[in-house]
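Chain residues, written in single-letter form:
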Amino acid sequence: MFRRLGYLFEYFFRRRSIEEDLDEELRSSFEMVVDRFVERGVPLAEARRRARLEFEGLEQVKERVRDGLVGSALHTSLQDLRYAWRGLRRRPSFSIISVVTLALGIGVNTAVFSVFYAVLLRPLPYAKPEQLALLLGTFRGAGTAPAPVSGVILGEIERRNRSLAGVAGIWVGTETFTGENPEQVRVAQVTPNFFDVLGVGAAHGRTFIKEEEAGGRPAMVLTDGFFRSRFAGNRNLIGKGLHMRGAATTLVGVLPAEFQLHFAPETNVPAGVPAFVPFPYNIYAGRRDVYFIRMVARLKPGVSLREARWDLDRVAAEIRGAYTDYAAENLHFTMTGMQSAAVRDIRPALTALFAGAAFLLLICCVNVTSLLLARASDRRKEIALRLAIGASRVRIVRQLLAEGGVLCLLGGVGGIALGWAGFRALMAIRPERLARIGDAGLNWPVLAFAVAVSLGAAVLFGLAPALESFKLDVTESLRAGGRGWIGALHRRAGGAMVIGEITIAFVLVTGAALTARTLSKIERVNPGFEPRQRLTFQLAFGWTLSPAIPLSTIRNWEAQFAALPGVESVGATSHLPLGDFPNWYSPYRPEGIVGNDLSTRIADYRCVTPGYFAAMGTRLLEGRYFDQQDRAGGRPVLIVDDLLARSTWPGQSAIGKKIEAEHVIDGGFAPVSSIVVGVVEHVRNHSLTKELRSEIYIPFEQSPRSPLSFVLRTRVEPLLLVPAIREILRRHDPDLAMAKVRPMTEYVARELAPASFTAVLAAIFSALALLLAAAGIYGVLNYQVSRRLPEMGVRMALGAGARDVFRLVLGEGLTLAAAGALLGAGAALMAAHWLGALVYGVSPRDPLSYGFALLLLPAVALLGCWRPASRAAAADPAKIIREE
Amino acid sequence: MDILQGTLDLLILRALELAPMHGIGIADRIQQVTHGTFVVKPGSLFPALRRLEQKGWIDGKWGASESNRRARYYTLTRTGHAQLAQEKRNWYRMTSAMNWMLESEG
Chain A
35 MFRRLGYLFE
45 YFFRRRSIEE
55 DLDEELRSSF
65 EMVVDRFVER
75 GVPLAEARRR
85 ARLEFEGLEQ
95 VKERVRDGLV
105 GSALHTSLQD
115 LRYAWRGLRR
125 RPSFSIISVV
135 TLALGIGVNT
145 AVFSVFYAVL
155 LRPLPYAKPE
165 QLALLLGTFR
175 GAGTAPAPVS
185 GVILGEIERR
195 NRSLAGVAGI
205 WVGTETFTGE
215 NPEQVRVAQV
225 TPNFFDVLGV
235 GAAHGRTFIK
245 EEEAGGRPAM
255 VLTDGFFRSR
265 FAGNRNLIGK
275 GLHMRGAATT
285 LVGVLPAEFQ
295 LHFAPETNVP
305 AGVPAFVPFP
315 YNIYAGRRDV
325 YFIRMVARLK
335 PGVSLREARW
345 DLDRVAAEIR
355 GAYTDYAAEN
365 LHFTMTGMQS
375 AAVRDIRPAL
385 TALFAGAAFL
395 LLICCVNVTS
405 LLLARASDRR
415 KEIALRLAIG
425 ASRVRIVRQL
435 LAEGGVLCLL
445 GGVGGIALGW
455 AGFRALMAIR
465 PERLARIGDA
475 GLNWPVLAFA
485 VAVSLGAAVL
495 FGLAPALESF
505 KLDVTESLRA
515 GGRGWIGALH
525 RRAGGAMVIG
535 EITIAFVLVT
545 GAALTARTLS
555 KIERVNPGFE
565 PRQRLTFQLA
575 FGWTLSPAIP
585 LSTIRNWEAQ
595 FAALPGVESV
605 GATSHLPLGD
615 FPNWYSPYRP
625 EGIVGNDLST
635 RIADYRCVTP
645 GYFAAMGTRL
655 LEGRYFDQQD
665 RAGGRPVLIV
675 DDLLARSTWP
685 GQSAIGKKIE
695 AEHVIDGGFA
705 PVSSIVVGVV
715 EHVRNHSLTK
725 ELRSEIYIPF
735 EQSPRSPLSF
745 VLRTRVEPLL
755 LVPAIREILR
765 RHDPDLAMAK
775 VRPMTEYVAR
785 ELAPASFTAV
795 LAAIFSALAL
805 LLAAAGIYGV
815 LNYQVSRRLP
825 EMGVRMALGA
835 GARDVFRLVL
845 GEGLTLAAAG
855 ALLGAGAALM
865 AAHWLGALVY
875 GVSPRDPLSY
885 GFALLLLPAV
895 ALLGCWRPAS
905 RAAAADPAKI
915 IREE
Chain B
1391 MDILQGTLDL
1401 LILRALELAP
1411 MHGIGIADRI
1421 QQVTHGTFVV
1431 KPGSLFPALR
1441 RLEQKGWIDG
1451 KWGASESNRR
1461 ARYYTLTRTG
1471 HAQLAQEKRN
1481 WYRMTSAMNW
1491 MLESEG
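Protein sequence lines, in the order shown, are assigned to chains A and B. Add 34 to a position in the first sequence, counting from 1, and you land on the number used in the numbering used here. Add 1390 to a position in the second sequence, counting from 1, and you land on the number used in the numbering used here.
Bound-form chain B, shown alone:
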C-alpha cells in the first residue's frame, strides 16, 4: 500500500520515538509494525531523513551497526518530540473526521 502523502514524516518520527535507529532499521521497523502494509523504499526514505534533519527534528550521528558496519544513527531531538506530538494530534483529528464522514448515514 502506498504511503499517504505527508505521513512518511510522521511514520519516521514515530519509529524514532522509542530508540535511535539507522535508515534501513527505520524502514524495517515501519514495515514490521504495520505488518507489511507500508514498505518504505530508499528512494523516499533518504530524502525524507535529510529533510527532517535539516528541519532539526532528528539528528544523525555515525555509529556501528549490529553487524559491525558503519551506519548513520538518527535520534529524535527535542523539537522532534514536540513535532511528533503535534503531528499525532493532527492525525487523530483527521482520522476521526474521516471516520465521521465515511460512517455517517446518507
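Bound-form chain A, shown alone:
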C-alpha cells in the first residue's frame, strides 16, 4: 500500500524523470535490436526497419506502459481536461454560446429552487417542526371553513386530549408603545405555553410562565428586530416596565433573531408580529360563542397526525356531549401539519414555476447538446485520425466527456452567480406570502442542487456525442472527409431536438398566457370598493375591545379630516377589506324565520361610521347608508350585503327585517336585535378571487370597537395628506400613533402580488424559452445547411432557383416547428387540469391562450429558419461544386 502511494507520489512529482527513463530505455533497447540485426549482416537501413516492425511503434509502446502505471488514470483525466480546455478555446464562439446558455438554464433553476427550497422544503425554524400542527374548529354556521375557537373550547381540548404534548392559543391585536415616538404595532395575545409548544426559547431573558396567565403579572416578549429598532437592543431593559398605552408591562425576554410566525394565511396570523403578551384576561371563562383563538398543537412523540385527528374527533364528540350549544354547532376539529398548512396556497404556483424552470433548463441542454453534436460531427475526421494512430475509443469518449464537463463547470459557476443575482431579483418582487424566503439565500441544499444539475447536464452532453463516436467507422470517415455522418446522425437528432424545444416552448408560452390572463381577470374583479385615491390608516385606543376615548372625539376628527384640502369624504371601519387584522365573524339570527337552522348562519361583522361606504365607494343597492342619527341609545340598525339579503330572504326586500346580531358593548360581545336599513354590494374582504362570507355592518357608535381604520377619499395623491392628519392627531394626543398608513391600492396590490409574481416569472420563462428555441432552430438548421451546401449546389446546378432552395430549407424548419407545436398543444392540454389551481376567471384550456401560442411559435420558428434558408439560397453552385 505504502509502496503504491510512493509510486503515486513519484508519478506526479518525478514524472519527468520517469518519462525520460522510459524514453532512454526504449531507445537503447531499440538500438540493441538494430545492433543485433547488423551483427547478422543486415544493412543498417533494413535493420532499423525490421527493429521498428518488431517494436510496433515506439509511441504505442510508451502509451501502453503509461496506461499500466499507478496514477496514470488521474493524470490522463487532467490531460483530458487540459485538452478539452484547449479545444474549447480554439472555438470561442461555440464555447461562449454553450456556456452562456448553460449558465442561463442553471441560473434560472438555482434562483427558482432557492425560493422553492426556502418556502416549501426548508423545515420551519421550530424545534421538531414535524410534530407541530394547526388546530381549527368547524362550526355548522361557518360552513366547512375551518375557524378559530373560543377559550372554553381551548380549555376543553387541553383537558380532554390524550395525543398532544401541548396546545397553545394566539390572537393578534394592536397596542401602542408610548414615549417620544408613539408607535402602534401588532401585539399577539397568547397562552403562556405558546413558545414552549413551538419549542422556541428566548435569546435573552425568558418566555412566559404560568403566573403571567390572565393578566396575573403583565409581561411582554419582543422579537429581536423590534427590540433593536425601537429599544436599540438595550438589554438593561429586560425585567423593566415598558411604556404602553394599555398598562405598565414588564419586558421579560427577547426572541431569537430568526423567529417568525408561520401560520396559514387564512388564520390571519401575520408572520411579522413584533410583540407578545399573555392573554390579559381569563379566556377560559369567556363567552362560549366568541370564536377568535387560533390554536397550534404539538403532538406527543410517536403520535402521528392521523392518530391525533382520531383523538380530537373523540374530544369534539365529548365537547358536543357536554355543551348543547356546541352540539347545535356540530363542532368538529381539523388538524393540519403546520408546515403544509403554511405553504398550502403558494405551493401550486411555486411548483409550476419550478417545473417551468426545469423545462427551460431542458431547452438549454438541448441547445448545447445540439451544438456539441454538430461539433462532434465536424471533428469526425480528427477523431478518426486519432483512432487510426492508436488512441483507444475509451480515451476518445473520455475526452468528449471531459469537454462536456468543462462546459458544465463553467456553465455551473456562471449559473450559480446568475442564480444568486436572480434570487436577489426575485426577493425584490416577491409577494408577502413568500416572506419566508427573506432569511434564505444560497445555502448548501441550493448549491448541491445546482451542482447536481450541472453534473447531470455534463453527462448528458458528453454522452450523446460520445455514443455517436462509437459508431464511427475509421476508414470510411477518413475517406469521406467527415461528410456523410451528418445524414444519419445530425439530421435525425437535430429534428428531434427542434421538435422537443418547440413542444416545451409551447407549453411554457400557454402557461404564461394563462397566468397573464388570470392576472388581468383578477385586476378587473369588482372588489366592492374603489381602491384608487384612498388613504387608509389605523388608530388603536388602548387594550380593550372598546375604544378608550369619547366617541365625539372620533366624530370630531372625521370632521377635521374632511375639512382638509384635497379630501372628498371620510369614514372609518373596524376592519379594512383585504387587511390582515384578525377577522370578526359570528353567527346572526334572522328573526321570524322558522326552522332548525337558526344557529347556522355566520357573517363577517364590521362596525363603520356613517361616511364609510361613500368614502370607500361601496355602492348602496337598497335602503339607506347609516347617518348621524344611528348612535348609541338610538334604534339598533344594520346594513347587510346582497349575499346575505338574497340567501336569507330570497325574493323579498331585506329592508325592515330584523336580525339578532353581535355588538361590542363595554369591551365584550353581546347579541342585539337590529333592523336592516340598507343593502350594499358584497365586498371581497379576504381575497379578490373569492366571495367567502356574507357581511353585516353595524353603526360604529352603536358598537364601538378598537382599533379603527380610517378611509379618506382624496382628490390628491393620498400620501400627501399624511402630515396634516398627523398634526391633527398630535394636537389631540401626542401619544396617539398612526399605523398602516397606506393607500388602499396597496392592499389590492398585495392581493395581486402572488398572481403578478407568477405572471412575471412565467413571462420571463416563456420569453427565454422562445429565444432559446429560435436559437436552437437556427443552430440546427444553420449547421445542416452548411453540411448540405454541396447538395444545394447540385440542386441549383440542376435548375432549382434560389427561391426553391430557400423554400426547401424553410419548409423543413417549419415542418419541425409545426410538429412541435402540435405536440406542445397536446402536452399543454394534458397539463391543463393540473393548472386549474393557478388560474382564475379563465379556463385552463382557454382558446385565446392556445391561439396566442399557436401564432407566436411559428413566428419564432420562422425567425430561426430565415437566415439558414437565405444562406442556402445565396449559395453559389459553381463555387461549391468546384470545392467538392
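You may find that some hints are simply not true.
With a straight-line Cα cutoff of 25 Å, these simulated DMTMM-like cross-link-like pairs (lysine to aspartate or glutamate) come out [unchecked claim]:
| # | chain 1 | residue 1 | chain 2 | residue 2 |
| --- | --- | --- | --- | --- |
| 1 | B | LYS1451 | A | GLU54 |
| 2 | A | LYS334 | A | ASP323 |
| 3 | B | LYS1451 | A | GLU192 |
| 4 | A | LYS96 | B | GLU1493 |
| 5 | B | LYS1445 | A | ASP838 |
| 6 | A | LYS162 | A | GLU192 |
| 7 | B | LYS1431 | A | GLU97 |
If you are wondering where the hints come from, they were derived from the structure by calculation, not from laboratory data.
With the hints as your guide, set chain B onto chain A.
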C-alpha cells in the same frame, strides 16, 4: 505461440531468477529457453516490466550492456523471489489440474 494470459509475469520473474538482465536480454532469454515458442514483443515486455517494478518485485538500475550501451538492468527483489515461488506453486497446481482433466478417460 501466444503467451498465456497472466503468465508473462512468471516468465519474466523466472528469467531474472538466475541473473540481472536488461529488457531485450529478458526477451531473448525467454525465446531461447522456450526454444522459440514464446516471443515477447516490446509492446508487452516494457509495460510488464514497469508494472512488476511498481509492485516491487523487480528493481531497475542503469548499467552498461555487453556492447557498451547504457541499459536498464532488472534484478529480482526479495519480495520478487517470494512472488516467484508463489506463482510457481500456482502454475504447477494449475498444470496438474489441467492434465488430470485432459487425460481423464471419458
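For a C-alpha distance cap of 25 Å, please report whether B/LYS1445 and A/ASP838 respect it. Violated. B/LYS1445 to A/ASP838 sits at ~70 Å, over the 25 Å cutoff.
Is the hinted pair B/LYS1451 and A/GLU54 satisfied, with a Cα-Cα distance of at most 25 Å? OK: B/LYS1451 and A/GLU54 at ~14 Å, within 25 Å.
Taken at face value, is the distance from the CA of A/GLU192 to the CA of B/LYS1451 at most 25 Å? Roughly 88 Å between the alpha carbons, so the hint for B/LYS1451 and A/GLU192 is violated.
Is the Cα-Cα distance between A/LYS334 and A/ASP323 25 Å or less? Violated, because 29 Å separates the two Cα atoms, which is more than 25 Å.
Distance restraint between B/LYS1431 and A/GLU97, which requires alpha-carbon spacing of 25 Å or less: holds (15 Å)
Hinted pair, alpha-carbon criterion (25 Å max): A/LYS162, A/GLU192. Please report holds or violated. holds (21 Å)
What's the verdict on A/LYS96 and B/GLU1493, does the C-alpha distance respect the 25 Å limit or exceed it? violated (43 Å)
Consistency with the previously given hints fails for numbers 2, 3, 4 and 5, ordered from lowest to highest.
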